[in-house]
Each structure stands twice: as C-alpha cells, then as structure tokens.
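In order, the protein sequence lines correspond to chains A and B. Under the UniProt record's numbering, the residue at position 11 of the first sequence is numbered 11, and the numbers go up by one with no gaps. Under the UniProt record's numbering, the residue at position 271 of the second sequence is numbered 271, and the numbers go up by one with no gaps.
Please keep in mind that the hints were generated in silico from the structure rather than gathered at the bench. All figures in this text were calculated on a predicted structure; none of them were measured in a lab. Cβ atoms here follow ideal geometry from the backbone N, Cα and C, with glycine treated the same way. The reader is advised that the hints may include incorrect statements.
Partial chain B-side listing against chain A, Cβ under 10 Å, derived [stated by the list, open to error]: (1) Thr157; (2) Arg187; (3) Asp189; (4) Gly220; (5) Ala263; (6) Ala299; (7) Ala305.
The following label-pair restraints were derived from C-beta to C-beta distances [what the hints assert, rightly or not]: (8) Ala198(A) - Asp161(B): 27 to 37 Å; (9) Asp161(A) - Pro7(B): 37 to 47 Å; (10) Gly272(A) - Arg128(B): 20 to 30 Å; (11) Gln122(A) - Val306(B): 30 to 40 Å; (12) Arg233(A) - Thr157(B): 52 to 62 Å; (13) Ser176(B) - Gly156(A): 42 to 52 Å; (14) Gly156(A) - Ala121(B): 52 to 62 Å; (15) Ala31(B) - Lys57(A): 56 to 66 Å; (16) Gly268(B) - Ala164(A): 11 to 21 Å; (17) Ala287(B) - Gln95(A): 31 to 41 Å; (18) Pro7(B) - Ala276(A): 38 to 48 Å; (19) Pro301(A) - Glu67(B): 34 to 44 Å; (20) Thr119(B) - Asp274(A): 38 to 48 Å; (21) Gln122(A) - Ala287(B): 42 to 52 Å.
There are 2 protein chains.
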Amino acid sequence: MSEAVAPPSVEIVEVAPRDGFQSIAEPLPTAEKIAVIEGLLDAGITRMELGSFVSPKAIPQMADMAEIAAHFRGHAGARLSVLVPNAKGAELALQHGYPEIVFVVSVSEAHNLNNVRQTVAQSLDQLRAIVAATAGTEGLRLRVDLGTSFDCPFIGTVPMDDVARVFRAALAIAPSAEFALCDTTGRADPLTVRKRFAAVMADSPETSWAFHGHDTFGMGVANALYAYEAGVRVIEGAAAGLGGCPFAPGATGNTATEDLDFAFAEGGIRTGIDRAKLLAVADRIAALPGGKTGGHLRAVPRPRAVA
Amino acid sequence: MSEAVAPPSVEIVEVAPRDGFQSIAEPLPTAEKIAVIEGLLDAGITRMELGSFVSPKAIPQMADMAEIAAHFRGHAGARLSVLVPNAKGAELALQHGYPEIVFVVSVSEAHNLNNVRQTVAQSLDQLRAIVAATAGTEGLRLRVDLGTSFDCPFIGTVPMDDVARVFRAALAIAPSAEFALCDTTGRADPLTVRKRFAAVMADSPETSWAFHGHDTFGMGVANALYAYEAGVRVIEGAAAGLGGCPFAPGATGNTATEDLDFAFAEGGIRTGIDRAKLLAVADRIAALPGGKTGGHLRAVPRPRAVA
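Extracted from the complex, chain A is given alone in its bound form (with noise of 0.2 Å):
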C-alpha cells in the first residue's frame, strides 16, 4: 500500500566477512574472500566489516587481513570497516588505511574475558587508549560494539543495569562513537530489544545506534525490525545467515541480509540493496565449504523472493 510519508531508511551492515568467515574453521583462500566481499558491494551493500585485526594464533582465519585490506583500500562508494579488540588492532587497522573501526566490548564479564581475554574495565581501557592515539584521524569512525548486551552464554540474562553502566563507561571515554546493542547469543526477544534500546537512546539522546542480531532462536527478523521501531537506522546482517560465534557457545549465524532486507524493503523501508544480486552472493557463500548458513529467503523459489 502507498503511504503519504516514505518511513525512514535503513543501512544493512554487512558482517558476514567477519562474523561469517572467522566462524569456518579452515581459513578461506583470501581470493574466494574478496570475491565474495565485492559481490557484496554489487549487491548495493553501503557498510561493511571487513573483517578484524587480531591475532593470527587466536583466530587464523583473519591472518589474510592485511591482503584483504590492502585490496579495498580507498574504496569508493562504501564505508568499510574493521573489527579491533584493542589499541593494538586499532594500530593496525590505521596503519592499513582503515579509519572507520569497530571496537569490541561485551557487557558481560565472563564473556569479555572469554572472547577478548580481558576485563571489561581492562578493555575499556584498550577503548581509551584507541581514542587518544587516533585523536587528529582524518575521517575517523568509531563504533563501539556492546556484545552480550542480553544474553551470555555464561550467565543467562545479561541486566540491564550492567548494560548501562558498560554504555555511560565507553561514552564517556567515546562521545561521539556509533554504539550498537549486540544480541552476540541470538537469544534477545524483540519486545525486550525495543526495550533495551528505549532506555539506552533516552538516556544519551545524541548517540547513533545499532544494533546486531543473530538468529539462533528465529528471532532475528523481529529483532532487527523492533530495534527500528525504536529509532535504530543501522542494523547488521550476514549474508546467507553465515556464521556464529566461536566464543559464544551454541550461537547460530547472524540474521540474514536477504531475510532483513525482504522484512524491510516488502514493508516500504528503503535498504538500497539489489536483492537478485544479494541472493545470488549468498547462494555463493552458502556453497563454501565449511561454512554453517541460515536464513529462509534462499529457500523460496527465487522470482517469488526477487519480485
């Protein structure tokens, strides 16, 4: 039906060369990763993750960063990004010509500790130390991600105080970071993350917020559209529904871009994307081997997913 008004926008993230790749356990050849990522970027994907500089021993499926960074280097038409979960990594990323970085931190303890192997207060220190050395970057970008902002694999229930005693922590060492409320389990329920993100918007107005999914309880559609339906205009997804965590136990993979871009472009929300070309780019990542894929829109005859 048409309406007076357009409703706003919505910028899909795409996440699937880092939450996607570092999740198959033998490391993609670096070409087959490139591919893939600029079949992405045909596919009118705007954000992307790279993927993320850390260390090679921890997750060797990022050891290519390099080469994959010095491929899109100054790509135009696209803000690409990368995942750090320290100075260290931020070093690199800017070194690499990556101004535009994400930064990891989970809400939950045991989760920092076992996915970055340090305290939260340790690793909002890594934060601080990441805005003083790229004080002066031109064009510098800062996401803050807030893993675990729900659930933990360790404890259950995340609270919500928790979350926002991390949140007023990071924003008062990155006032003018993008923070995302990351659903690291796949277990939020939406009404809770229109919730969560209600109290965390009225509490910093002036922030820009994201938010990211997966799918492991088939919530991850209604996730992504009730932290819309709160004012969040940047959602993250992963083509073909790739992934999970290998640090967040019994996680499926993201929300599916092509399932997130159908719930928002059938509705009237503009996503940008080309779905024909989006669809074929996950039939691609569904066929490489190793990799763990969701999502339903692949499944549908494919005219009646395009049209």
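Please arrange chain B on chain A, whose structure you already have, making use of the hints.
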C-alpha cells in the same frame, strides 16, 4: 525487565491438527493424532483447530474427523474448533457437537477456486447458509478465515481493496463472527501485516481479529508480533511448524507455536503455555513420518529454550 503494567496477553490457537496433519501425504493413525492433541492440551493450549469436515476424497487426511471429534467432544478447559469450507461441513460439525466453526474463504478468486472449488460469491453464499442454519444454536462461535489476505500463489500481491471488500461482505452476513487475516503463503511482511490489520480494525472496531501465518519467508514470528502491535490478541501457530497448504504451492508450515511462545512470553506477554511440555509435543510431531517441520526453538539446547 519488570513493568508496572503487564501488556495484554495473547492466545495462541494451535492448528497443527488441521493445517499440519493435512500436509502429511499418508494419513496418520487416528490414535497418533489423538495423542498429539492431548499433548497439546496438556501443554496449556486453550484453543485448537481439531481438523476439518471436508470431503475425504479431497483431503483423505481428515477422513477420521468424526472419530477425532467424538473423542474430544465436550472437552472442558479449551475451545476446540473445526474448519469447514461449506454449509455441509458446518452441519457435520454441529452434528458432532462442535458449535465452534472456522469457515474459510479466500480473498483471491483464483485461490478460492483452487482451495474450495467455489467462487468467492459462492463461498459467501455458503457462509449465509451456515449463519441461517446455526441461528439460535447455543454456544455457537463462528470464525471467518480470510485466506490469501496478503499474497496469493496464483496472482501475487492481493490488493487491500479486495481484502476490505470480501471482509465487508462477510461481515454483513456474519456480524458477530471473529475474523482472521490469513497469510496463506507466508509471503506477508510485518509492516504490511500491521497496516492491513489497522485498516480492517478501523473499518470495524467491534470485530474480534486473529492472525494466521506461515513462516515460508522467515517472517512468521515478526508478522505475528506486528499483528499484536495492531491490537490482534489471537495468533495461530502449529507446534514444530508442521505443515504447508496443499493448495498454496510453495508455502511451508505455519509459524511454529514454540517460536511464537518464545517471542511473546520472553517479552512479558502471557501465553499460558508450558514451553517444556510444548517442546516435547513438538518433538513428537517432528518425528511423524512424512511431516515437514520448521521453527527454530527445537534446535536450541533444551534448557536454554525453556528457561
């Protein structure tokens, strides 16, 4: 998080014994059907479609409807209904002691012809005959399912004007019926679900509404929640996501009841369902030979899915 005032509860209508069982090519043993239905009642289901009074030639899976009906006749504590496509089916329902009748008519002419071998006008005549024949029947409850209220496997998007027109025509015949917008193919998107319910509810504020959805495009849970946001308090699902529609090519099963329960109950919206018991029945359904199942919650480690 706690809230001062609990949101309105939702009633999930279980349709696996009707929409689900009819999707299994080889008819199930009656005793197995009865055991599943009893398990669903024990899990706290308060409304259920037991099956349909249809031609056993057209749908042999429902040939034992009289036995099922006799077994549960007079069951206390839950509202048990039967689906009928015509006045003859309604007569059988009443004869077998079921004054709760679900009458189905599709908004799309093409689908109605394919599904019940009648034009929409002929189906409305059947509805008129049912209303006349049941006038004065004690405890009578009539539901009108508006099939293909969003998308039709034969014509694609169903115009909202058609939905409004068929609804008004049916309402004029059965003004005290409960109505359902049915996403027969599972292609509806959440925002359109909310919009279409808002339109029909504004058109007739006194009418009670239900939503019937499938998860074909992965929108099932989100569609149900957006129906709820529009004010719908009756949502249909099938345990284990069993089903499909033999007359809606490409449609997969109904949205899984256990996924719906998770989405609502975790968000603080009461369903009255015992999730551990429901999941046990869903597992039993998933083990039925020839059944196609879906949903996400069964794949999650059980303690996490229940807690």
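* Just pull the numbers of the violated hints for me, sorted ascending. => 9, 10, 12 and 17
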